[in-house]
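Listed in order, the protein sequences are those of chains E and Y. In this text, residue positions in the first sequence follow this note's numbering: the first is 287, and each later residue adds one. In this text, residue positions in the second sequence follow this note's numbering: the first is 2, and each later residue adds one.
Simulated from the structure, these hints should not be mistaken for laboratory data. Bear in mind that the values here come from a model prediction, so they are computed numbers and not experimental data. Be a bit skeptical, because a hint or two may be false.
[Claimed, not checked] Simulated pairs of lysine-lysine, PhoX-like, Cα-Cα distance not exceeding 25 Å:
{"id": "1", "chain 1": "Y", "residue 1": "K57", "chain 2": "Y", "residue 2": "K105"}
{"id": "2", "chain 1": "E", "residue 1": "K327", "chain 2": "Y", "residue 2": "K53"}
{"id": "3", "chain 1": "Y", "residue 1": "K78", "chain 2": "E", "residue 2": "K327"}
{"id": "4", "chain 1": "E", "residue 1": "K327", "chain 2": "Y", "residue 2": "K105"}
{"id": "5", "chain 1": "Y", "residue 1": "K50", "chain 2": "Y", "residue 2": "K69"}
{"id": "6", "chain 1": "Y", "residue 1": "K78", "chain 2": "Y", "residue 2": "K61"}
{"id": "7", "chain 1": "Y", "residue 1": "K78", "chain 2": "Y", "residue 2": "K53"}
[What the hints assert, rightly or not] Each pair of labels, with its calculated beta carbon distance range:
{"id": "8", "chain 1": "E", "residue 1": "W296", "chain 2": "Y", "residue 2": "V83", "range": "38 to 48 Å"}
{"id": "9", "chain 1": "E", "residue 1": "K306", "chain 2": "Y", "residue 2": "T108", "range": "24 to 34 Å"}
{"id": "10", "chain 1": "Y", "residue 1": "F19", "chain 2": "E", "residue 2": "C299", "range": "37 to 47 Å"}
{"id": "11", "chain 1": "E", "residue 1": "S359", "chain 2": "Y", "residue 2": "A54", "range": "36 to 46 Å"}
{"id": "12", "chain 1": "Y", "residue 1": "S110", "chain 2": "E", "residue 2": "S295", "range": "15 to 25 Å"}
{"id": "13", "chain 1": "E", "residue 1": "G339", "chain 2": "Y", "residue 2": "S112", "range": "48 to 58 Å"}
{"id": "14", "chain 1": "E", "residue 1": "Q346", "chain 2": "Y", "residue 2": "S15", "range": "37 to 47 Å"}
{"id": "15", "chain 1": "Y", "residue 1": "T27", "chain 2": "E", "residue 2": "G339", "range": "28 to 38 Å"}
{"id": "16", "chain 1": "E", "residue 1": "K306", "chain 2": "Y", "residue 2": "K57", "range": "14 to 24 Å"}
{"id": "17", "chain 1": "E", "residue 1": "S340", "chain 2": "Y", "residue 2": "T6", "range": "31 to 41 Å"}
{"id": "18", "chain 1": "E", "residue 1": "T368", "chain 2": "Y", "residue 2": "Q82", "range": "41 to 51 Å"}
Where a beta carbon is used, it is the ideal one built from N, C-alpha and C, also for glycine.
As a plain string of letters, each chain reads:
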Amino acid sequence: GAVVSQHPSWVICKSGTSVKIECRSLDFQATTMFWYRQFPKQSLMLMATSNEGSKATYEQGVEKDKFLINHASLTLSTLTVTSAHPEDSSFYICSARPQGILAKNIQYFGAGTRLSVL
Amino acid sequence: GNSVTQMEGPVTLSEEAFLTINCTYTATGYPSLFWYVQYPGEGLQLLLKATKADDKGSNKGFEATYRKETTSFHLEKGSVQVSDSAVYFCALKGQAGTALIFGKGTTLSVSS
Numbered sequence: 287g288a289v290v291s292q293h294p295s296w297v298i299c300k301s302g303t304s305v306k307i308e309c310r311s312l313d314f315q316a317t318t319m320f321w322y323r324q325f326p327k328q329s330l331m332l333m334a335t336s337n338e339g340s341k342a343t344y345e346q347g348v349e350k351d352k353f354l355i356n357h358a359s360l361t362l363s364t365l366t367v368t369s370a371h372p373e374d375s376s377f378y379i380c381s382a383r384p385q386g387i388l389a390k391n392i393q394y395f396g397a398g399t400r401l402s403v404l
Numbered sequence: 002g003n004s005v006t007q008m009e010g011p012v013t014l015s016e017e018a019f020l021t022i023n024c025t026y027t028a029t030g031y032p033s034l035f036w037y038v039q040y041p042g043e044g045l046q047l048l049l050k051a052t053k054a055d056d057k058g059s060n061k062g063f064e065a066t067y068r069k070e071t072t073s074f075h076l077e078k079g080s081v082q083v084s085d086s087a088v089y090f091c092a093l094k095g096q097a098g099t100a101l102i103f104g105k106g107t108t109l110s111v112s113s
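Next up, chain Y with everything else stripped away, as it sits in the complex (with noise of 0.2 Å):
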């Protein structure tokens, strides 16, 4: 079936600093990737997206290519900042599906 693998946390980071946080899936035929982000407190926002292999998905700095050849999904920011410090969850929905599939989240820490 389908389902997601993302990066164990949490992740440390000081302010600046590139962020990584890996994510793989295994899924049968097209399905749609996606990075939420879950702030303290608040529910699960939805940070970027993409629906077909190669697109790139990007906001708030943030990106995720949908690379087909080695399942992944990998989101990145080239500078972070203390108001990242959230968990980010990796999800897809597969082709047919309605459904969304989560990994397990990665906590990210900004300090100043």
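One chain only, chain E, in its complex shape (with noise of 0.2 Å):
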């Protein structure tokens, strides 16, 4: 089946530092990624989709200025956290859409990358 991938899987990093976490289709174009935010024991959030060439849409509350979404070809998008602080500390996912109408209900996930903030 298609396969996304999410690097790195696990990544820990000092107060104030920015992290940036990859999303790649490993064999399919997707037009579309979205961006998730798991904290523990919660539900799946949406932080923003983004679309291939175009700025990202963040959901209500999410901060644009400090989650980057960068979308610059069909098999990557990427999300960087700046000045992350222990707050941001999360598991963070993202899944990708396939070209084509048909897919409109295909979302393929990876398997999250999982940010302390020390």
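Starting from the two chains in their separate frames, assemble the complex, guided by the hints.
Given below as structure tokens:
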């Protein structure tokens, strides 16, 4: 089946540094990628929707200057957590939707990235 | 707004027991409904889906029926296996939406 690779799987950083998370669709092209955040024992909360070649659409309450999203190609989207603080520690998950109208109900998920900010 | 509520876990069962994980939703119009499964160390995988009322999604012995009258999409399996141990997420996609809205997830542990 389709594979979405997320890297790194776990990152520990110092407070104040920036962290970049990559999301790649390995065997299909994705015009749309989604970024979610998951707190322990909570549901996945959509942070933003990323469309290739255009600016991401952020959900209410998500700081776009804090969580920079770039979707420069049909197979890669990146999420950069800028000036990370301990409250940003969480599990970040991306998903990718393949091109085509028939794929409108299909999303493939990455394995997630655990961010720990010290 | 749209939302999904699923039963709290963890659910602990013996092998071959019957499984039900409840899921109810709130949405306008006619959403599509999904169950995703997340095995340890892996990403979410689509387990089954239903796109209109009374549809039944099924896969790997799991079933769920889209019940508009009760706004529910309960997940069932007649005989669970140890390999079914995972976290199960109920989700919906609104009629006009593109993103998925998830429940909190239910952890299932099956022992032999």
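Against the structure, the hints come out as follows:
1. K57(Y) <-> K105(Y): 22 Å, holds
2. K327(E) <-> K53(Y): 29 Å, violated
3. K78(Y) <-> K327(E): Since the Cα atoms of K78(Y) and K327(E) sit roughly 23 Å apart, the hinted pair holds (cutoff 25 Å).
4. K327(E) <-> K105(Y): Distance ~7 Å between K327(E) and K105(Y) Cα, so the pair holds.
5. K50(Y) <-> K69(Y): Roughly 14 Å separates the two Cα atoms, so the pair holds.
6. K78(Y) <-> K61(Y): Holds, at about 9 Å.
7. K78(Y) <-> K53(Y): 21 Å, holds
8. W296(E) <-> V83(Y): 38 to 48 Å: 27 Å, violated
9. K306(E) <-> T108(Y): 24 to 34 Å: 30 Å, holds
10. F19(Y) <-> C299(E): 37 to 47 Å: Holds, at about 45 Å.
11. S359(E) <-> A54(Y): 36 to 46 Å: For A54(Y) against S359(E), whose Cβ atoms are near 39 Å apart, the range 36 to 46 Å holds.
12. S110(Y) <-> S295(E): 15 to 25 Å: 23 Å, holds
13. G339(E) <-> S112(Y): 48 to 58 Å: Since the Cβ atoms of G339(E) and S112(Y) sit about 50 Å apart, the hinted range of 48 to 58 Å holds.
14. Q346(E) <-> S15(Y): 37 to 47 Å: 44 Å, holds
15. T27(Y) <-> G339(E): 28 to 38 Å: 34 Å, holds
16. K306(E) <-> K57(Y): 14 to 24 Å: Hint violated: Cβ distance 42 Å, outside 14 to 24 Å.
17. S340(E) <-> T6(Y): 31 to 41 Å: For T6(Y) against S340(E), whose Cβ atoms are near 33 Å apart, the range 31 to 41 Å holds.
18. T368(E) <-> Q82(Y): 41 to 51 Å: 45 Å, holds
Figure legend: structure checked against the earlier numbered hints; hints not met, in rising order: 2, 8 and 16.
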